[in-house]
Amino acid sequence: MTVQSVFPELERLLPFVQKPVQYVGGELNAVIKPWDDVTVRWALMYPDAYEVGIPNQGVQILYEVLNERADTLCERSYAVWPDLEALMREHNVPQFTVEAHRPVGAFDLFGLSFSTELGYTNMLNAISLAGFPLHAVDRGDNDPIVIAGGHAAFNPEAIADFIDGAVLGDGEQAVLAITDIVAAFRNEGSPGGREELLMRLAKSGVLYIPQFYDVEYLEDGRIRRVVPNREGIPWRVAKHTVMDLDQWPYPKAPLVPLAESVHERMSVEIFRGCTRGCRFCQAGMITRPVRERSKTTIAKMVANGLEKTGYEEIGLLSLSSADHSEIADIAKGLADTYEGTNTALSLPSTRVDAFNIDLANELSRNGRRSGLTFAPEGGSERIRRVINKMVTEEDLVRTVTAAYSAGWTQVKLYFMCGLPTEEDEDVLQIARLAHEVIKAGREATGRKDIRCTVSIGGFVPKPHTPFQWAAQLDHETTDSRLKKLRDAIREDRAYGKNIGVRYHDGKPGIVEGLLSRGDRRVGRVIEQVWRDGGRFDGWSEHFSYDRWMSAAEVAFADLPVDVNWYTIRERELSEVLPWDHLDSGLDKEWLWEDWQDALAEVEVDDCRWTPCFDCGVCDHMGTEIQVGPTNTVMLPIPMLPSKVLAESGTVSGT
Amino acid sequence: MARDPGREFIPPVQKLRIQHAKRGPLRFTSHRDFQRAFERAVRRAGVPMAYSAGFSPHPKISYANSAPTGVASEAEYVEIGVVQFCDPEKVRAAVDAVLPPGLDILAVVQANTGDFVARLEASHWQIELPGVEVSDLATAVEQFLAATEVLVERKGKQGMRTFDAREAVIRAVVEKGADCAILQVVVRHGVPSVRPDDVLAALTKVADLVPGIPPRITRLAQGPLLEDGWSVGDPFAPDRDAAQA
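Protein sequence lines, in the order shown, are assigned to chains A and B. Under this note's numbering, the first residue of the first sequence is numbered 4, with each subsequent residue one higher. Under this note's numbering, the first residue of the second sequence is numbered 21, with each subsequent residue one higher.
Chain B with its partners taken away, still in its complex shape (with noise of 0.2 Å):
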């Protein structure tokens, strides 16, 4: 039955753009657990959401690839829409206060410019690799990099898929950490995405690579490609640069 919900609906007027960090513990947090705790937050930071029309109605909030559980990130994005004017500053400071340590808000900046989930065109991931030796790793990305394919499986909702995890990559660099061997990688967004374990997987099918340990695998940038080709710049630049026209 259709029923008046008695309920006006007011249009955002505002939207603003969240860069968030998913940290320590707290990357075990799934992309819904994350939601639920940033609804609650802005609830919270008194934030003047813009709600959805309808009988159940929705904070307007849209979430733009989000790492997966038990990936750590420090370049997450999230826009919302509001229907009062606010300083971002005071919404990132405010969210950021109400939010569990480990899931911190680094940026908020007004959209003023569109396309934005476009503008993601690349992830850099940082995989720590615990007792992996350098040399090891050196050599899998080596043999890795100098195929023009490889062929790795997922298991998604339609059952195991098997796709090319090498193509997207545009670049692999490693390095030598505390008590790891660390793996900088540079993946271009696509369909299918490709995420760090699929380059894991990869490297285990051309090199026999086998972590021992789980590695602990970090988001340290997403955004648009710079002209160098691998570089990832900073999502929020046009809309910084817009507001300063």
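Next up, chain A with everything else stripped away, as it sits in the complex (with noise of 0.2 Å):
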């Protein structure tokens, strides 16, 4: 049965709403199929608003690798703001996709992005404008399957009582084996319905089935253990991992909006995964190991992607960009063959060495120069041994003062706050070290106007790290602790004057902390912030505090836990966390002796130049590092001939 557009109600409410442009679709490269030409239908969601969903690599590579099937058309979907979603309300038009205006109540599967935890508000706020039931076990057959992915997929308890499922890892082969199976149920007539399917999906191990699992607890509030509560459901679930990249080249025609985005370029992922071993990083525990894309296919990417989206600039993207074990010659590379061509070149990265700057050097040659962060993330050398963020002050002086004589005039030192066993005196010992850089950057260079801005952000610890078991810091601490830096910086008037500093309150991250470590009980209080009004929780103007604390309040009453036990609470190593049984590869015990080197000050090297660790992925994963040099020749792609040029000579008239 074929959908109707909803566009027509649409089209009425735009006058009244902010930029409506961000809800008519029309992006360059978007696809619209006719609906009743295939078997399988998926809705993509980014839980934010469409500035920050669009440019969101993961959900452009899933949208191009399902629309390339014949059986399966994709749309997206972004979270609508709050001046349309009311008149939505009232009209009663339903959350839809931005392509085709079809509603997403009426796709097969309903998959949503979470980079962060905060989008969880919107996801509901979606399912409800969808008009379907916001519980997963009140769902029926002509329901979508509601599916997380994203690194906060890792752990999607809070969320379990509304996702169908959830895909850990790499989503590229995952998405595909989804719609093998969906393909081949509907195909059979969809016997069994709903529930047969999910079975199959958990089956498969492709997808983490959250209903199919009973958790149980102890009278204290911890987890006893979680169960399969059906026969034939694994124990453990799985991540996915992309092995050659070289065989995944997405997107190979990014989604260009005519909306203004977060990210005004185009990207091109160079490698996937990274193993130095930073301790608060999740990123770089989850998506371990390395795989680099040759710089051949990079190349190729960056000329097909430039001709695909007109884009001025391309961004090379990864976890580390520097650290690409050919990044010398990509660099080089595209610089030599787009001078003179008016794109711009950018590499993401915030490594503190000089290395980075002769990239930054080699990358700007086109006249454009991106700015320059560095990341010692923390401010006394200790405290930087804790986190396994092998950088000494030395260096960090060295390179930022070579990047003043290289000419850039204002740099961006990025730290955090909050690290385990941090004391006043580790967050203070940056005022310290942002004086030594402009005092060392003024010799260097003779000049008085240099600037550096610190930015510092909170730290929240995550799943599958070794700091999962840690304490937060408590949001009042933090603050304090934050104050009394801005004051130690502004304190010597002869530098501070060239410091900026950038910060932010410590109470978002009490919220994301209680998300991200959270279990299915933390469920509850998203359900109510979202019924109080929450929406948009990654916004500060739209966040609020009181909202998620007076929620918890009222979902945890009849529990022994609370928003504390979730967040600033230690946890041993022979508590279940609510992770547990999803695995990202990485051995518990490692993580554990990680966890204890930290709190020893000792640190660990690189896999990729020493001998394996035995953090456990390669081996539970059947996986391998691959990194490079190739010695492979980067060829330079030639530029297309214009085909708008006159024949000969001047041209009269038209």
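Read the hints as simulated data drawn from the structure, not as lab findings. Any given hint could be a false lead.
Stated by the list, open to error - Stretch-level coverage of chain A by chain B, calculated; a stretch enters the list once three of its residues show a Cβ under 8 Å from a Cβ in chain B: (1) 11-25; (2) 28-39; (3) 255-262; (4) 312-321.
As the list claims (entries may be wrong) - Reference excerpt, derived from the structure (chain B facing chain A, CB under 10 Å, subset only): (5) Arg47; (6) Phe54; (7) Arg56; (8) Ala57; (9) Arg60; (10) Arg64; (11) Pro68; (12) Thr89; (13) Pro108; (14) Val118; (15) Leu119; (16) Ile233.
Unchecked claim - With a straight-line Cα cutoff of 25 Å, these simulated SDA-like cross-link-like pairs (lysine to any residue) come out: (17) Lys335/A / Phe29/B; (18) Lys646/A / Pro77/B; (19) Lys646/A / Lys177/B; (20) Lys646/A / His78/B; (21) Lys36/A / Asp116/B; (22) Lys35/B / Asp141/A; (23) Lys177/B / Phe19/A; (24) Lys646/A / Lys175/B; (25) Lys175/B / Glu544/A; (26) Lys80/B / Asp141/A; (27) Lys80/B / Glu310/A; (28) Lys442/A / Val504/A; (29) Lys22/A / Pro120/B; (30) Lys177/B / Ser264/A; (31) Lys646/A / Gly44/B; (32) Lys175/B / Asp86/A; (33) Lys255/A / Lys80/B; (34) Lys80/B / Asp86/A; (35) Lys22/A / Gly44/B; (36) Lys311/A / Glu109/B.
Note that the structure is predicted; figures quoted are calculated from it, not measured. A virtual CB, placed ideally from N, CA and C, is assigned to each residue, including glycine.
Take each chain as given, in its own frame, and dock them per the hints.
Pasting the structure below:
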């Protein structure tokens, strides 16, 4: 049965909302397929505003991978702002996709990508606007299967009540496997309905289906165990890992929106995974091992992407882009190819070494300079040993001085506050470092106008990291520590006026902490917050700490747990963690040892250039590190000749 | 610090004037949205754009009075500078091919004359009003035309401003459409510019005409006023004439 577009109804509401263009679609390289030509229909959502969601690489990749299948169509949806939401509710317009404006509730699968837990309330709002039941167990055969992906899906327990499944790890092959199962099920006439389809998905191991597991609790509130409640359901569900990124050169036709987005450039992912071993970094832990894309494929993706998008800037993406084994060749090759074309190249790298500046110099040959950010992460040498960020103060001062000498007048330094074992003194060291940096920079350049911006984020302990057992710092201490730091930076006027400080208060971090290490009982809090009007929690103007705390009080009233229990409580090795049945490949014992090493201030090296130290990933997952050098030559891609030039000399009229 | 951008500045050898439309759902693109889409489109189409000098070079593009966000148009105008001579028709086809349907390139001419923007003297707007009776609209328009001045308010960058919406209206004709009453209105450009929503606000003011459903507005033409005093002519005509001379 063909599904009608809701655009005629939506169109009448658009003159009354801010930035209506974000709801009309029309992106370059968007795909619209006839509804009745396919067997499986996916709606993918990035649960934030369009301007944030549209550049998301995960969604763009899966969108294309799915639409390449003849039996499948895939469309996208984003969170609508409260002004449109109010009108949609008043006029009964459901949550829609932006390409064909089809109602999300009509799709077979509704996949959401969570880069952050703060998108959870937006998911509930989208489901509510779509008009199908909020709770997975209440859904029927005709309701979409709701699937969570993205980094937050490595512990989806807080949203277990609302999702039907979660995909752990790389999505490319996983969405195809899910589609195969759904297509076969549909082609058989959907025998056994929703329960049977979810059983097939769960048994295949491709999806974690929370409702097929029961969580038992101890009297003190800790988890006793998590057990499958159906025959044939695996005890643990493992992450997916795409090997050989050269076989998956997506996106091949990146989406280019009409509306302005937060990333006005084309992105090419140059490798996946990171083994630097920073203990706070969930991304570095759950995306192992390192898998590089070859420079030949990178060059082709850049050339193809520029042609397909018309973007003027290319970002080379990864968790630590300067760490690609052939990054120097790649930077030089691209700079040579695009010299004189007004095409800018950027490398979001935060490495603290001179090599980083050489790369930035190479990439700015075209005249466009992007900013330089260095991330020592911790203020003192001691805390940097705790978090395994191997940077000395000397490295930092020398590197930043080199940047000033090379012509940058402003650099950004990124730190965290609230790291395990941290004292005021560790954070106050940031002030001293910043003063040193300005002092050395002035000496090296003879200039008084060099600046640095100190940007500080609050640390939130994340699942599947050595810090998953750590106590989060309470927001009062975070705020007072940051205030002391700001005062210390300003104390010395001679340097302080050249140092900018950026930080946020500690309250949102507590909510993020509650959600990221939450279990199924936290779902009640999320639902209550949403019912109380919670939306767009990643936006400071929409976030309300008080709303979260009062919702938690209601939701936890008859339970032996509270917000502090989830956030500022340190865990023991023996405690069953809510995500223990979800397998990121990392050995729990190895993570514990690394946690103990952190407390003992012992550093661990990178397995790309030292022997394996048995984190467990490659063994468990049957994967391996894929790095160069490949000993290949990066060929320049020839520019296409213009097709619009006049035949000869001048042109007269039309 | 002054740094040599290391790029040679190439002046434009030719200017091209472009007429484009903004249709259907894409009428909700703002002026800035169109700018970004257009700049990417000329790059993808391989148009040899001239760039400004400096650290952050911008393609040489100038935009003339764009229609408001949410208003469709058949007559938006852009001028670009190129560093190699181009065939206007090839540019039209190539840029149109890489813009999304709804942002359509209608005509391209080589600029053979000056003062293009001054030539855009007036606009012809078609305002479709679903749910409004033709007779009600006709009465309101009659009252509006009978007035010498109708003050309306609009929120601008400096807060509310009040201005006359009557004098700029050269012609207003009421027609019957399929599901709506239609107002065809020709408005002279000026400062402050009177937009179609200002005309609607004026109708509300003089005759309490309040459309229940949002109107569909389209700019049908933009250009010089012809001898009859109210027809809007083709602003490209002088460029075409000069090319043939």
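Verification of the supplied hints:
Check on the stretch 11-25 of chain A: 8 of its residues sit with their Cβ under 8 Å from a Cβ of chain B, so the three-residue criterion for coverage holds. Counting residues of the stretch 28-39 of chain A whose CB lies closer than 8 Å to any CB of chain B gives 4, so the stated coverage by that chain holds, three being the minimum. As drawn, the stretch 255-262 of chain A meets chain B at 3 residues by the rule of a beta-carbon pair under 8 Å; at three or more, the given contact holds. Only when three residues or more bring their CB closer than 8 Å to a CB of chain B does the claim for the stretch 312-321 of chain A stand; here the count is 4, and the claim holds.
Checking Arg47/B against chain A by beta carbon gives a least distance of about 9 Å; that is within 10 Å, so the hint holds. Hint status for Phe54/B: holds, given a least beta-carbon distance of 8 Å to chain A, under 10 Å. With a least beta-carbon distance of about 7 Å to chain A, the hint placing Arg56/B at the interface is held under the 10 Å criterion. Here the hint on Ala57/B is kept, as its CB sits about 5 Å from the closest CB of chain A, short of 10 Å.
The restraint placing Arg60/B at the interface with chain A holds, with a minimum CB-CB distance near 3 Å, inside the 10 Å limit. Interface hint at Arg64/B: satisfied, since its Cβ lies 4 Å from the closest Cβ of chain A, which is below the 10 Å cut-off. Checking Pro68/B against chain A by beta carbon gives a least distance of about 6 Å; that is within 10 Å, so the hint holds. Hint on Thr89/B holds. Least Cβ distance to chain A is approximately 7 Å, under the 10 Å limit.
Given hint, Pro108/B at the interface with chain A, holds; its Cβ is 5 Å from that chain's nearest Cβ, closer than 10 Å. The restraint placing Val118/B at the interface with chain A holds, with a minimum CB-CB distance near 7 Å, inside the 10 Å limit. Hint status for Leu119/B relative to chain A: holds, with the closest Cβ pair at about 8 Å, below 10 Å. Taking 10 Å as the C-beta contact cut-off toward chain A, the hint placing Ile233/B at the interface holds, the least distance being around 6 Å.
Distance hint between Lys335/A and Phe29/B is fulfilled; the C-alpha atoms sit about 24 Å from each other, no more than 25 Å. Between Lys646/A and Pro77/B the CA atoms are separated by roughly 23 Å; this keeps the pair inside 25 Å, and the hint holds. A hinted pair counts as satisfied when its Cα atoms are at most 25 Å apart, and Lys646/A with Lys177/B does not qualify at roughly 42 Å. For the hint linking Lys646/A to His78/B, the alpha-carbon distance of about 22 Å falls within 25 Å, and the restraint holds.
Simply put, Lys36/A and Asp116/B have alpha-carbon atoms about 22 Å apart, close enough for the 25 Å limit, and the pair holds. A hinted pair counts as satisfied when its Cα atoms are at most 25 Å apart, and Lys35/B with Asp141/A does not qualify at roughly 63 Å. Among the hinted pairs, Lys177/B with Phe19/A is consistent with the structure: their alpha-carbon atoms are about 19 Å apart, no more than 25 Å. With a C-alpha separation of about 45 Å, the suggested pair Lys646/A and Lys175/B falls outside the 25 Å cut-off, and the hint is violated.
With a C-alpha separation of about 24 Å, the suggested pairing of Lys175/B with Glu544/A holds against the 25 Å cut-off. Between the alpha carbons of Lys80/B and Asp141/A the distance comes to roughly 58 Å, so the proposed pair goes past 25 Å and is violated. A distance of roughly 20 Å separates the Cα atoms of Lys80/B and Glu310/A; the hinted pair therefore holds under the 25 Å criterion. Taken as a hint, the Lys442/A and Val504/A pair is honoured in the structure, with Cα atoms around 17 Å apart against an allowance of 25 Å.
For a cut-off of 25 Å, the pair hint linking Lys22/A to Pro120/B stands: about 18 Å separates their Cα positions. A C-alpha spacing of about 23 Å is found between Lys177/B and Ser264/A, which places the hinted pair at or below 25 Å, so the restraint holds. Our distance criterion of 25 Å between C-alpha atoms is broken by Lys646/A and Gly44/B, whose separation comes to about 29 Å. With a CA separation close to 19 Å, the supplied pair Lys175/B and Asp86/A stays within the 25 Å bound.
Simply put, Lys255/A and Lys80/B have alpha-carbon atoms about 30 Å apart, too far for the 25 Å limit, and the pair is violated. Of the pairs offered as hints, the one joining Lys80/B and Asp86/A is violated, with about 37 Å between alpha carbons and a cut-off of 25 Å exceeded. Proposed proximity of Lys22/A and Gly44/B is supported: the alpha carbons are some 16 Å apart, at most 25 Å. Our distance criterion of 25 Å between C-alpha atoms is met by Lys311/A and Glu109/B, whose separation comes to about 22 Å.
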